[in-house]
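Spelled out from the first residue to the last, the chains are:
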Amino acid sequence: MTVLPSEVDPLVIVTPDTASGAGFLPGLWVAAVALFLLAAVAAFGPNRNRISALLSTAGSLCALALGVYLLAGGAALSGSGGDVLGFSPIAFRYDGLSGVFLVAFGASAAAASFSIVDEPARSRPEASAFPLFLASILLVLGASTAFSFLIAWESMALLSAFLVVGLRPTRAVVSAGNLYLAMTHVATAAILIGFGLLAAGSGGSLDFAAWHVAAPSLDPLTRNLVLVLVFVGFATKAGAMPFHSWLPRAHPVAPSHVSAVMSGAMIKCGIYGMVRLMIDVVGGTPDWLALLILGIGAVSAVMGVLYAVMQHDIKRLLAYHSIENIGIILIGLGSSLLLASHGSTALAAVALTAALFHSINHAVFKTLLFLCAGAVIRATGLHDLNHLGGLGRKMPVTMVAFGIGAAAISGLPPLNGFASEWLTFQGLFGAAGAGGGFPFARFAAALAIGALALTTALAVACFVKATGVAFLGLPRSKKAAEAHETSVPALAAISLLAAACLGLGLAAGFVTTSLAATVRTVLSADPTAASAAGSAAVTSGPRDGGAATYAALAVGLLLLVAIAVISIATMARVQARRVDTWACGIEPKPAFQYTATAYAKPIRLFFRRVLVPEREVRVEYQPGTAFLASIHYRSEITLLLEDRVLKPAHRLSLRGADFVRKLQGGAIQLYVAYIVVAVIALMLWAR
Amino acid sequence: MNINDALTTIFLAGLQLIAFVAFAPFLTATIRRTKARLQSRRGPGLLQPYRDLAKWWGKLPLESSASGPVARYAPAFVLGSIVAAVLLVPWATARTPLPGWGDLLVLVGLFALARFALALAALDTGSAFGGMGSSRDVAISALAEPGLVMALAGVAIAAGTSDLGAISAFGIGHGVGLLKPAHLLEMAAFALVVIAETGHHPVDNPDTHLELTMIHEGMLIEASGRSLATLVFASELKLAVLAALFSAAFLPFGAATEIAPLPIAFGLIVGLGKMLVVGQALALLDGSLAKARIMSLPDLLGLASLLALSGLGIQVLLP
Chain A
1 MTVLPSEVDP LVIVTPDTAS GAGFLPGLWV AAVALFLLAA VAAFGPNRNR
51 ISALLSTAGS LCALALGVYL LAGGAALSGS GGDVLGFSPI AFRYDGLSGV
101 FLVAFGASAA AASFSIVDEP ARSRPEASAF PLFLASILLV LGASTAFSFL
151 IAWESMALLS AFLVVGLRPT RAVVSAGNLY LAMTHVATAA ILIGFGLLAA
201 GSGGSLDFAA WHVAAPSLDP LTRNLVLVLV FVGFATKAGA MPFHSWLPRA
251 HPVAPSHVSA VMSGAMIKCG IYGMVRLMID VVGGTPDWLA LLILGIGAVS
301 AVMGVLYAVM QHDIKRLLAY HSIENIGIIL IGLGSSLLLA SHGSTALAAV
351 ALTAALFHSI NHAVFKTLLF LCAGAVIRAT GLHDLNHLGG LGRKMPVTMV
401 AFGIGAAAIS GLPPLNGFAS EWLTFQGLFG AAGAGGGFPF ARFAAALAIG
451 ALALTTALAV ACFVKATGVA FLGLPRSKKA AEAHETSVPA LAAISLLAAA
501 CLGLGLAAGF VTTSLAATVR TVLSADPTAA SAAGSAAVTS GPRDGGAATY
551 AALAVGLLLL VAIAVISIAT MARVQARRVD TWACGIEPKP AFQYTATAYA
601 KPIRLFFRRV LVPEREVRVE YQPGTAFLAS IHYRSEITLL LEDRVLKPAH
651 RLSLRGADFV RKLQGGAIQL YVAYIVVAVI ALMLWAR
Chain B
1 MNINDALTTI FLAGLQLIAF VAFAPFLTAT IRRTKARLQS RRGPGLLQPY
51 RDLAKWWGKL PLESSASGPV ARYAPAFVLG SIVAAVLLVP WATARTPLPG
101 WGDLLVLVGL FALARFALAL AALDTGSAFG GMGSSRDVAI SALAEPGLVM
151 ALAGVAIAAG TSDLGAISAF GIGHGVGLLK PAHLLEMAAF ALVVIAETGH
201 HPVDNPDTHL ELTMIHEGML IEASGRSLAT LVFASELKLA VLAALFSAAF
251 LPFGAATEIA PLPIAFGLIV GLGKMLVVGQ ALALLDGSLA KARIMSLPDL
301 LGLASLLALS GLGIQVLLP
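Sequence lines, in order, name chains A and B. Here my numbering is used: the first residue of the first sequence is 1, the next is one more, and so on. Here my numbering is used: the first residue of the second sequence is 1, the next is one more, and so on.
The set of hints was computed from the structure by calculation and includes no laboratory data. All residues carry an ideal CB built from backbone N, CA and C; glycine is no exception. Incorrect hints may appear among the rest.
[What the hints assert, rightly or not] Here chain A is said to cover these stretches of chain B; the calculated rule only asks that three of the stretch's residues, wherever they fall, bring their Cβ under 8 Å from a Cβ of chain A:
no.: 1; segment: 17 to 28
no.: 2; segment: 68 to 76
no.: 3; segment: 111 to 118
no.: 4; segment: 190 to 197
no.: 5; segment: 283 to 289
[What the hints assert, rightly or not] Simulated pairs of lysine to any residue, SDA-like, Cα-Cα distance not exceeding 25 Å:
no.: 6; chain 1: B; residue 1: K59; chain 2: A; residue 2: M571
no.: 7; chain 1: B; residue 1: K55; chain 2: A; residue 2: F24
no.: 8; chain 1: B; residue 1: K59; chain 2: A; residue 2: P623
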């Protein structure tokens with residue numbers, strides 16, 4: 001790592017680790033940052049959106065290129081610059097692990113930026129904050145000292161909060177924004193304390209590299225405390241249960257391209273932080289914490305998807321799916337930690353590859369889905385699935401893209417989501433088998449297998465619902481019937497993301513191979529152990545020898561050929577006759593169709609123990625007759641954490657505050673009395 | 001891979017595909033025949049499913065005026081994924097016809113793809129029955145999935161790999177010693193899941209056309225012509241694949257462990273026999289149990305998950 005003397009220059013100086021053949025790397029980084037800053041300025045200039053959006057697209061593509069280069073085994077990029085108040089250098093270091101998340105960030109941010117080229121922004125400050133938000137994520141992913149990390153981290157939090165709330169918020173939006181701000185600062189506080197402990201343990205250094213050296217000599221209690229604090233902080237940012245409450249509230253009120261980047265890239269910074277701090281810098285996660293991560297992952301996955309199925313606001317539904325996918329990533333991470341600490345390095349590599357690959361995949365398909373949701377909302381002005389329907393006729397490209405994203409997030413072959421979930425399962429099989437160490441861990445892994453299976457099946461249910469109710473059948477409202485396809489740049493963005501879902505799925509073997517070097521470095525495993533033959537692997541072509549294999553390209557092509565042949569066979573026929581849908585002899589109406597709420601009913605009832613659904617049907621008659629005047633139907637589920645734990649706790653704390661207020665009477669005599677009592681008590685105690 | 005191996009693979013894959021395609025409707029016919037006998041009917045002839053398919057294939061299709069490309073292309077996705085699944089499950093031989101292509105999770109994924117396509121197509125026509133069938137099907141599958149995957153995970157963990165060919169070879173190698181309590185529990189769980197996945201009593205009635213009870217049939221209600229033929233054939237084929245998966249994972253005995261004419265012929269006959277036995281068991285259920293209320297299905301499929309988890313638990317706690 002090149003560390004420049006801090007007196008040299010107050011500007012940030014970027015130098016690559018090894019000069020050979022990597023001369024353009026600092027250029028890419030500088031270009032990305034500069035383009036984001038220019039985009040922020042351009043938002044105030046003429047033709048504000050178009051230029052600003054194009055500049056941030058270019059900046060994101062630079063970040064993507066940087067990520068791909070680092071991932072492909074390029075030399076790390078590091079640099080440092082001016083001391084801040086003689087306190088700590090601002091230093092950055094981008095390595096393969098940063099590269100993984102840069103790829104996720106770059107793809108998500110480029111598509112989201114490009115999708116708004118033709119869309120008016122809510123306001124100039126918001127249009128300007130968006131590229132700054134992107135720049136802050138870029139800096140988070142490379143910060144190599146506590147000081148630079150926290151500055152970037154906090155900028156990211158504040159800018160995203162501003163983007164969620166906007167300039168002219170409604171009361172509901174302000175409440176969502178406040179919750180988000182509060183929770184993100186609790187997260188920062190936890191991380192800050194963790195950092196403080198690490199700095200104290202390494203002689204006051206704020207450098208991650210120094211922490212890495214000092215970590216083994218920390219006493220176990222401090223180290224575990226650090227790990228827990230850092231985990232809680234990053235899990236809150238990632239939106240894992242039970243730290244998720246902000247996520248389903250913030251997403252529906254944010255503009256769609258902001259939700260796309262928040263869900264696709266920002267919450268991944270939580271995962272990045274975990275891998276960076278817990279595995280790379282500190283290391284030595286105890287088994288109980290690994291099991292806790294596995295458990296939190298499984299609960300987030302199952303409950304996230306279960307709540308998602310219950311939603312009919314399209315963006316809240318997608319927000320709950322982010323919780324689910326973070327859960328899947330944490331399952332991979334937890335099983336990797338377990339396997340690594342019990343000597344199964346090859347399987348630990350499989351599980352960590354799964355977590356990293358799924359992070360990239362989720363960035364791609366969740367950005368795609370949020371941008372499609374944005375297109376739907378722009379075309380109809382509606383968030384509620386129950387008022388949509390039949391959009392596929394008016395928005396065919398959006399429908400196909402959403403369908404591909406839906407299949408990918410549901411983990412269907414041959415798309416990218418399947419490949420990473422396959423690897424996650426293999427990690428769990430390993431942890432439940434010989435690799436898991438002690439019996440309880442193996443049983444926990446066995447339970448997680450069931451949880452992950454349930455998650456994928458519920459995701460299929462949820463996305464059949466979302467796709468089918470929004471895009472298929474007959475329109476359920478006038479606005480839905482009058483929808484129109486979205487702008488060309490947005491269509492280009494979602495088409496490319498849909499192609500990426502298929503491409504990353506078919507090339508999954510190539511992607512996992514590219515991840516191998518990074519995974520080895522993070523696990524600090526020697527090359528032979530991590531690529532041991534006989535371990536599970538996603539490959540391109542078939543692989544003999546009885547080891548678990550998913551030949552992504554081969555299976556994908558087999559599937560596509562089979563589908564094509566059957567399509568041709570079934571389509572080679574005379575023109576079909578058009579008739580109305582059978583509705584038992586009467587004219588079919590849009591109201592006969594299953595709504596999103598109706599579609600979820602079997603699942604709502606099957607899982608009523610955890611969802612605790614409530615239903616209210618109110619029938620009103622015209623006065624004095626038996627004729628109906630109106631029927632009101634309300635169906636709600638109970639959010640166990642919020643409604644049963646947080647709200648009572650909130651009430652309790654308010655009551656406590658009321659009590660404390662009584663002590664604070666406002667009379668000066670009372671305060672003097674308190675002081676006297678306190679002084680006497682202290683004197684007695686110190687005697 | 002040398003030319004000999006390539007030819008062997010092509011031969012075995014072709015053999016398996018032809019055998020499954022040719023035999024799947026017959027398997028359905030035997031189930032219907034037994035069910036009819038149990039109900040004191042004669043029942044249709046054993047060639048009736050073939051005649052039905054041929055009839056639909058030649059008919060002028062009717063398309064709903066509400067539906068679009070999803071309903072039109074979904075049948076190809078459904079059948080395409082089941083056909084791919086046929087080639088990834090060991091049957092006459094202990095090795096998969098396409099060795100090293102995909103494991104049991106890939107099979108589960110292919111079934112999910114078929115379900116996704118069919119459930120979407122059912123929503124495309126704007127029919128209430130389609131929505132009903134679709135919403136129930138995905139919900140029941142969600143209940144069945146943990147049992148399915150955990151049961152298969154059990155045999156995968158015992159064999160040390162999730163490759164089905166290696167699992168079959170492992171099972172054959174162990175002989176009767178394979179049938180430990182954990183294995184039997186997982187087998188029972190898988191059997192319950194097969195009932196749900198193939199839509200037999202007490203989960204669904206494959207022969208019903210009573211609107212309010214349909215699940216699988218509800219999704220097909222607007223399909224006609226070649227689309228209907230494709231979807232019905234896909235469900236017949238899926239039954240055959242699930243039967244083959246059952247035998248490959250839990251009772252692989254009889255499958256050929258070496259690639260030679262005689263063992264393969266023997267494996268073929270044993271494979272067909274095992275499929276017929278699975279079919280007859282389903283027919284027996286159809287004939288002897290009433291269809292359960294949909295709200296009691298969580299109990300049944302929860303039982304499957306519990307059995308699978310017990311099997312898996314015994315296996316990991318007492319290795």
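Verification of the supplied hints:
| no. | hint | verdict |
| --- | --- | --- |
| 1 | 17 to 28 | violated (count 0) |
| 2 | 68 to 76 | holds (count 7) |
| 3 | 111 to 118 | holds (count 4) |
| 4 | 190 to 197 | violated (count 0) |
| 5 | 283 to 289 | violated (count 0) |
| 6 | B:K59 to A:M571 | 13 Å, holds |
| 7 | B:K55 to A:F24 | 66 Å, violated |
| 8 | B:K59 to A:P623 | 55 Å, violated |
Figure legend: structure checked against the earlier numbered hints; hints not met, in rising order: 1, 4, 5, 7 and 8.
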